[in-house]
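**Student:** The listed protein sequences correspond, in order, to chains A and B.
Taking the numbering used here, the leading residue of the first sequence gets 1, the next gets one more, and so forth.
Taking the numbering used here, the leading residue of the second sequence gets 191, the next gets one more, and so forth.
For the record, the hints were derived by calculation from the structure and aren't laboratory data.
Even for Gly, the Cβ is constructed at its ideal location relative to N, Cα and C.
Be aware that a few hints might be false.
[To be verified] Derived CB-CB ranges, DEER-like: (1) A/K88 / B/E471: 35 to 41 Å; (2) A/G89 / B/N390: 56 to 62 Å; (3) B/E558 / A/V107: 27 to 33 Å; (4) B/G571 / A/M1: 22 to 28 Å; (5) B/K384 / A/G89: 48 to 54 Å.
[To be verified] Partial pick of chain A residues on the chain B-facing surface, computed with a CB cut under 8 Å: (6) V35; (7) Q36; (8) Y40.
[Said to hold, decoys possible] Result set (BS3-like, lysine-lysine): computed pairs, CA atoms no more than 30 Å apart in a straight line: (9) B/K384 / B/K196; (10) A/K32 / B/K387; (11) B/K461 / B/K515; (12) A/K87 / B/K493; (13) B/K562 / A/K87; (14) B/K493 / A/K32; (15) A/K118 / A/K105; (16) A/K178 / A/K142; (17) B/K196 / A/K159; (18) A/K88 / B/K493; (19) B/K562 / A/K88; (20) A/K178 / A/K125; (21) A/K118 / A/K151.
Chain residues, written in single-letter form:
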Amino acid sequence: MRLEIRLAGFGGQGIIRAGLMLAMASCIYEGKNAVQTQSYGPESRGGACKSEVVISDEDIDYPKVVEPDILVVLSQEAYNAYVETVKKGGLLLLDPGMVPLRESKNVGVRVFMIPAAKIAEQLGKTIVANVVMLGALVSITKIIGIEAFRKSLLSNIPKGTEKLNLAALRKGYEYGKKLLEEADTSLNIA
Amino acid sequence: METKNKAMLSGQHFMNGDVACAEGAIAVGCRFFAGYPITPATEIAERMARRLPQVSGVYIQMEDELASIAAVLGASNAGTKAMTATSGPGFSLMMENIGLAVMTETPCVIVDIMRGGPSTGQPTMPGQQDVMQARWGSHGDYEIIALTPSSVQEMFDLTIEAFNLSETYRVPTFLLADEIIGHMWERVNIPSAKSIKVVNRKKPVTPPSEYGPFKPDEDLVPPMACFGEGYRFHATGLTHDEYGRPKTDSAEVQQDLVQRLCEKIRRNSDKIVKVDRVLLEDAEVAVVAYGIASRAALSAVRKARAQGIKAGLLRLVTVWPFPDKQVEEVAQKVKALVVPEMNYGQIVREVRRVAKETPVIFLSKLGEEPHKPLEILDALGEFRK
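All chains, full assembly: derive it from the sequences and hints.
**Tutor:** Given below as structure tokens:
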């Protein structure tokens, strides 16, 4: 089965690294096929930025995302651009602090709001907001085992930041888990 | 000292295409890189800067692309396998000395990670707009070899192949990838050192007194001594005889030289050309594609088959010399050919030349997104029974 994930925000949020960590966890640490592609502007920070991951048990021909099963947005601009692209029955994960205006008519999508930047700030560094988000993604979607993701995370971060990143992963994972438990009943209504 | 394990990262990796290209170069014995960073090829230079010193190689960041390719030619003439990597604007700047590489028959590998052009265009966006420039960008008549990887694994494998071809035919060889393939991360299996085929340039067997650096063997390729090895080696961009002596007023020498520079590739094109044939046996319509467009094409062909459309894919691994025979063979069997390219119509010209009466449908794509499989499927859908 082919699974498509799109992560979008702006340059500097670690969007590309986030996609890479997911793909690597799946490919190297879980033995599936995975590919990550990216799109960004010439600016080093602030421009629109998109990272796409395709995971499959089979050989992956087309490496880009066509209709995401999972969309993660970390900016209002990214929300506006991609919210309507999510597959029916798909998932949308967003940071409500970064996406204040949420007026999508894409009703077939389950929405999870993770205040990733705020949680990261409480940990001392907003730079790990991407890892908080991925922690939540792992616990909500279960597309990757937490152990595989932890290994991928550790092989993608600079030495000396392990403690901070693992804390961000744990916080995000727990937040997602809690959200999922709370959401269980309301999901049926939607 | 160089150790085998440092040159060869045997095992499974998750890499991007640019890095895999650098690793392929190191695996096949490239020990010199001169370049000027440019998006989306910068990661190749970065990787080479880190890796070459580990294997006793030399990395130089030059002042520009003109100097980069010049340094590569110098290193190659001194006997070292050498490479540079760039993108459209830098590729344009290299054209003059690429002609010198052709004329002096200096083996070298030039990687072009294609972005959107013309000019500085769209630096971070993909394109396949330099395929004709690779073929014709320098002046005069000549032939070169160009390979078009479509996966990260092929960025590794075809970089090795590019060096081997360049050394075999004493000709500049191009690796033409697009931004997506260059920046894409995928699994790469790096084999053991002994399972990699490494070709080194033919050395002279004649004594120095009889050696001519441009005196060809039967296969039209002259053996190549290195500068400083004891052989007289005069190299010039001027038309020259077999000893490298300028002959600027002899029609005969000009005729013989230009003909040989072209024919050493044309006559060997069967050995050089590689294509990948997918589901072509009973195909009634075929896609001809390379690089990123071939990934969408493969998906489209599989979808078409699921709908009962007899579609196939001819993926070009070599674009230069153009696979005339292979394309013609497919063209004769099918009702139509579909050619998707991330440009405004380049390789499709070659396909039309070879396809003759068979209709050729061209699908152009420019900008950020590659062709979607459904766009190619739409073109194939017309051949539903």
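**Student:** Give a verdict on every hint.
**Tutor:** Hints, verified against the model:
1. A/K88 / B/E471: 35 to 41 Å: holds, 37 Å
2. A/G89 / B/N390: 56 to 62 Å: This hint holds: roughly 57 Å between Cβ atoms.
3. B/E558 / A/V107: 27 to 33 Å: Between B/E558 and A/V107, where Cβ atoms are some 28 Å apart, the hint holds.
4. B/G571 / A/M1: 22 to 28 Å: Roughly 25 Å apart at Cβ, these two residues keep to the hinted range, so it holds.
5. B/K384 / A/G89: 48 to 54 Å: Holds: the Cβ-Cβ distance is about 50 Å, inside 48 to 54 Å.
6. V35: holds, 5 Å
7. Q36: It holds, given that the least Cβ distance between A/Q36 and chain B is near 4 Å, below 8 Å.
8. Y40: holds, 6 Å
9. B/K384 / B/K196: holds, 14 Å
10. A/K32 / B/K387: holds, 29 Å
11. B/K461 / B/K515: holds, 12 Å
12. A/K87 / B/K493: Holds, because 19 Å separates the two Cα atoms, which is no more than 30 Å.
13. B/K562 / A/K87: holds, 16 Å
14. B/K493 / A/K32: Distance ~22 Å between B/K493 and A/K32 Cα, so the pair holds.
15. A/K118 / A/K105: holds, 27 Å
16. A/K178 / A/K142: Holds, because 14 Å separates the two Cα atoms, which is no more than 30 Å.
17. B/K196 / A/K159: Within the cut-off at roughly 22 Å; holds.
18. A/K88 / B/K493: The hint holds at about 21 Å.
19. B/K562 / A/K88: Holds, at about 19 Å.
20. A/K178 / A/K125: holds, 23 Å
21. A/K118 / A/K151: holds, 25 Å
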